[in-house]
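Peer 1: The primary structure of each chain is shown beneath.
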Amino acid sequence: MAYELIETIEVTNATTTDLVFTSIPQDGIDLKLVVSARNSDSAPGVVLITLNNDSGSNYSQEDLEGNGGSVSSNSSTQGYFRLRMTDSGDTANTFGSGQAYISNYTSSSNKSISCDRVTENNASTAYQRIEAVSYSTSSAISSIEIDFLGDNFAQYTTASLYKIY
Amino acid sequence: MATPTYDLLDSTTLASSASSVTFTSIDQSYGDLVVVIDSKGTSTTAIYSYYNSDFTNANYSYVNMTTLGASPSSNTASNPFVGFEGSSLGQSLSLLHIMDYSATDKHKSYLCRNNLPDLLTQAIAGRWSNSSAVSSVTLQLSSGNLVSGSTFYLYGIAK
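Protein chains in written order, with the numbering used here: chain X, 1 to 165; chain Z, 1001 to 1159.
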């Protein structure tokens, strides 16, 4: 079997502001992060993700997004990469879905990441985005931090990390 | 012990530059194939995925949505396009999923996410107009070479 669950974090109450995977095993080839999340406090529900607790401007990104009415693209370099999730103003009991595939996470080269995510909302506006990310580092990935910038994750939010080898 | 459902079938890490990488004698007992390509080319160029040594572009077609260019766009053409490689633009990451590769009653479809962070991100859907089971996959650049250190992993997903 080349696809193994490392850990699942489930939010059990609405007072959790970040989800963190630490001590990631270093015997895999790639990592896959799968998130089902909702912001319980406000909008927009943008989840910020950092690797190895690095919030420096080391994440260059290219994205393509549709919102049900138009399409746009954007390039940037940030101190994180993002998965936009469902927020407190969206249809109740719905959660956004997102995944990030991190290639060759133990190598000494920059890390290439493929992201897909979608918000869920019973309305004319919902967001779907695909994104290319390059994380400038020579270090292996040993931790992943997922943050709503101080807002709380809704109860039943989950984040699962898989090792592919 | 859990039943294996996602298995590494083969892998290649280039020790020197090469214009193509081929996986042969692919195990036919799985449902889908996944190819993970983390690579760089000697020039910014397209990468194609040919099956069973069928190098006739007219036997393939694709449609994509991409950020390449001044504004987002969608394209279609007759070739087995799975993304772009860049030389000065960093690593390209492509996640290629070939559905029902061992079936003999349908043309073969693939979905691919291609990422080159300093240039583009795109989603590609393609078809090989052949009902043969896929026994080999050749990843080939339209020009130039893949550089040393590029990695290619082939996985089988159980039926």
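Hints are not guaranteed to be accurate.
[Stated by the list, open to error] Partial selection, computed: residues in chain X whose CB lies under 7 Å from chain Z:
| # | residue |
| --- | --- |
| 1 | Val71 |
| 2 | Ser73 |
| 3 | Ser97 |
| 4 | Ile130 |
For the record, the hints were derived by calculation from the structure and aren't laboratory data. Beta carbons are placed, not taken as given, at the ideal position from N, Cα and C, and that holds for glycine.
Peer 1: Against this structure, judge whether each hint is valid.
Peer 2: Results for each hint:
no. : hint   : verdict
1   : Val71  : holds (5 Å)
2   : Ser73  : holds (4 Å)
3   : Ser97  : violated (15 Å)
4   : Ile130 : holds (5 Å)
Violated hint for the displayed structure: number 3, the only one.
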